[in-house]
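**Q** What follows is each chain in one-letter form.
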Amino acid sequence: MGATLGELAVRFGCELRGDPDVRIETVGTLQGAGPGALAFFVNPRLRDALSRTRAAAVVLSAESATACPVPVLVAAEPHATFARIATLLHPPRPAAAGVHASAVVSPAARIAASASIGPLVVVEEGARVGERAQVGPGCVIGPGAVVGDDVVLVARVTLCQGVSVGARSILHPGVVIGADGFGFAPERRTWVKVPQVGGVRVGEDVEIGANTTVDRGAIEDTVIAEGVKIDNQVQVGHNVRIGAHTAIAGCVGIAGSATIGARCQLAGQVGVAGHLSICDDVVLTARALVVGDITEPGVYASAVPVEKFADWRRILARLKRLDILARKVEALARGGRGRDDEDDA
Amino acid sequence: MGATLGELAVRFGCELRGDPDVRIETVGTLQGAGPGALAFFVNPRLRDALSRTRAAAVVLSAESATACPVPVLVAAEPHATFARIATLLHPPRPAAAGVHASAVVSPAARIAASASIGPLVVVEEGARVGERAQVGPGCVIGPGAVVGDDVVLVARVTLCQGVSVGARSILHPGVVIGADGFGFAPERRTWVKVPQVGGVRVGEDVEIGANTTVDRGAIEDTVIAEGVKIDNQVQVGHNVRIGAHTAIAGCVGIAGSATIGARCQLAGQVGVAGHLSICDDVVLTARALVVGDITEPGVYASAVPVEKFADWRRILARLKRLDILARKVEALARGGRGRDDEDDA
Amino acid sequence: MGATLGELAVRFGCELRGDPDVRIETVGTLQGAGPGALAFFVNPRLRDALSRTRAAAVVLSAESATACPVPVLVAAEPHATFARIATLLHPPRPAAAGVHASAVVSPAARIAASASIGPLVVVEEGARVGERAQVGPGCVIGPGAVVGDDVVLVARVTLCQGVSVGARSILHPGVVIGADGFGFAPERRTWVKVPQVGGVRVGEDVEIGANTTVDRGAIEDTVIAEGVKIDNQVQVGHNVRIGAHTAIAGCVGIAGSATIGARCQLAGQVGVAGHLSICDDVVLTARALVVGDITEPGVYASAVPVEKFADWRRILARLKRLDILARKVEALARGGRGRDDEDDA
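Chains as they are written, first to last, in the numbering used here: chain A, 1 to 345; chain B, 1 to 345; chain C, 1 to 345.
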């Protein structure tokens, strides 16, 4: 699967500075790569590592080329070019077409001849699996669910009744698409279940991380647009809509009926309340909490990083008395003395 | 499965205002429903949508009836009545009684004749499955576990050894009930595993969302009372006790030995520390953190919603110096000048 | 499986105060234990329960012995000693060696003769399973994955291609080890997948809770050192390194390339940002958020516990105006009046 630098330069449209016959077999980090391994450089904090690298070659931008002691492939977007070369060098494992003998496939399901259905998979009636799709061990494809062409369900993925997954999407182990949304109506201090009759539509080129859950809609569908990337252990509530190419990191929770725009980035542990709207091109930093509409693109934050425990305890005590402090300052500004007895009225 | 408005009014005890012969086949939103579809109205923010709805009919309260341009079913609790009608119109898929040929069922398990055991299910020795229970594809029912009458385990649910699930409860894909609690004793700077010999008792009419986990007790049982509703990706630690009809939204974490009362509501991403007690009828808003007992019913909060990043950074810098600011104010109140050198003593 | 107090004292090196012929059959809490049951005492808040206990005997430290009305086993680390006795009294269920008829095992996998492969397990080509390892129902062991001696995969665990799990480790249901890390390179406002070619190495004596996920490395491996204990629903990103004997409670999220030292303790819902380093012996309290290096051992915190909703709303409003308040105080300290119009310049 290896290639020469000359071949890579031609195939991926890079400028090569160095010997075109150098052979690349694998990828590595700037620090760890040795002969035969290709690294990349985009993070300025690694400039020192770049200057000492023993990689066979490095993918980087034009302005960094002279800082590199080994051959370089110059690319406009070095990380993306590196990713494409890495895919060439480390292609996904091919899966043999056909249905494993241990799979339980309904005669009323339609499986493309080029699809691969792994061991101990269940495909229920009315489900459809597209060309070259790979359904790994232990997956469950519910009644009427649709798996697009070239989709990969790695292992133990559950698609509930009627959900659809667009072409080329990748779903990792433990993903559950289309479980009932959390819908209950109050009645005499108990809860009545509201049937969840909507579905889930996952677009093309979506990736969904391990143990992430996307609930089916209450009435209409939950929608994940094309190109969305979702990390592990993310919870997406019913009737959420996520716009194209938005990226969502691990442990994010998105409550029901939230609408998130295109090209947003949600960092880890972000929370989004229900029934609100976030416009396109919003960045939410780690653990940001959104409880109202965001109508202007930009970066938003609300998290508090750690302090030493004793310091934080002091700050916290002050925070809990902040209203009193502010009233004291107001009294001082009015010319008073801001004594406690003024404030506790 | 359809019904006329007249039939629905009689069956669900509603007052009908409009043509009793209008036929209802499905449900819809106020905005999306067309001929044959029933909507409901409870959220005042949707009053405009109500006035323009093209639904065949709307379930609502008496005071909203005149604002509706189409036939109405007047109900005391419109959302609950809607939920019951929706269940009539969209009944759950029936599951055929019997054990699928691919299931692996211990001869020492007891399966009711009316129960449905799906493909690739494992039922271990001593387990019992009740009348009309539905055990979906890929579930694992451990040794001695008990599945009550009419329980639905949707798919890929794991019940560990000896846990019990009460009648009519619904567990969604990926749920794990009865894994070992997180119990380790320190010994010479390493950890010794504490055997988790308690069980888990899940009451009747409980619903548990996808990929939620409920750990078994260390010595005594973890207990989820009747009517509790738990959303996706919630973690319930060992020896937690949750009171009847409490509702818990997604991504909540409840540490070991916490006791939560009846009829509480925990919003998304709430955290509850261990070994504490929350009384009945407590509401915790999104991402609230509880680290001590709550003894008074009411609404509690601690979350900070987002600001623009630059604004938040400024606020955060001030927060981290809040103790100094407060001491400065105290000095001013004493008649001093509140200079920094006074505070840094 | 029972034993006399005399036997336990000898076997576990405890000083016995009381009748050596008292027979112990099980374990219990101080409050719940009756005849035949052994309890332990370490938490000073339970001193009252100790004084009233009806347990057959109690494991405790020398200084507490006189406060106990029943026979005692005196131990230097009472909880650890109790844990070891509990393991003797309640041994893990033995699993019969051999491969269940319903398992799908590649002929190119190597399974030790003493290992137990449960029903509906998949073991792919090149995988290896060690002596006495127990692979429970529904597990998937990917190509080339390595399961060490005496490992327990309880049920429905997924080990992806090439990952390794050290001897005696225990992985609970729903765990996913080695799913692709969240690696995407930006390209013309969309994302290109970066192949994740590293692996995961889980050390010896590790325990990993239900539905926890540990991603494979992008280029090099993700590493969990020996003796690490991880609770449920924890997310560990690609290329994270966790030092020996560190304990991580439920719902923690650790972003990619974070390095965490040895003997750390992370409480529930903690967040750790990527590309940073935490030294040995750091304690992070519930929901602490780490966004930069920690270089000094100690306890760190950043969480805000709940207030009544109305109180919190007032505090929050002040917090959002904290920058303005601080400028007002500065103006007052300079001798001004701190009026709003001074601050809004």
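Each hint should be verified, as a subset may be incorrect.
Which copy? The list can't say, so a pair holds if one copy fits it or any two copies do.
Taking lysine to aspartate or glutamate pairs in the DMTMM-like style, the calculated list, with each CA pair at most 20 Å apart, reads [unchecked claim]:
id, residue 1, residue 2
1, 308, 204
2, 320, 307
3, 193, 125
4, 193, 220
5, 320, 77
6, 320, 296
These are computed hints drawn from the structure, not numbers from a lab.
**Q** Evaluate each hint against the coordinates.
**A** These are the hints, each one checked on the structure:
1. 308 - 204: Classified as neither; 46 Å inside a copy, 32 Å across copies.
2. 320 - 307: both (17 Å within a copy, 8 Å between copies)
3. 193 - 125: neither (26 Å within a copy, 33 Å between copies)
4. 193 - 220: Classified as within; 17 Å inside a copy, 31 Å across copies.
5. 320 - 77: neither (48 Å within a copy, 38 Å between copies)
6. 320 - 296: Close across copies (19 Å), not inside one copy (31 Å); limit 20 Å.
Violation of the numbered hints given earlier is confined to hints 1, 3, 5; the remaining hints are satisfied by the structure.
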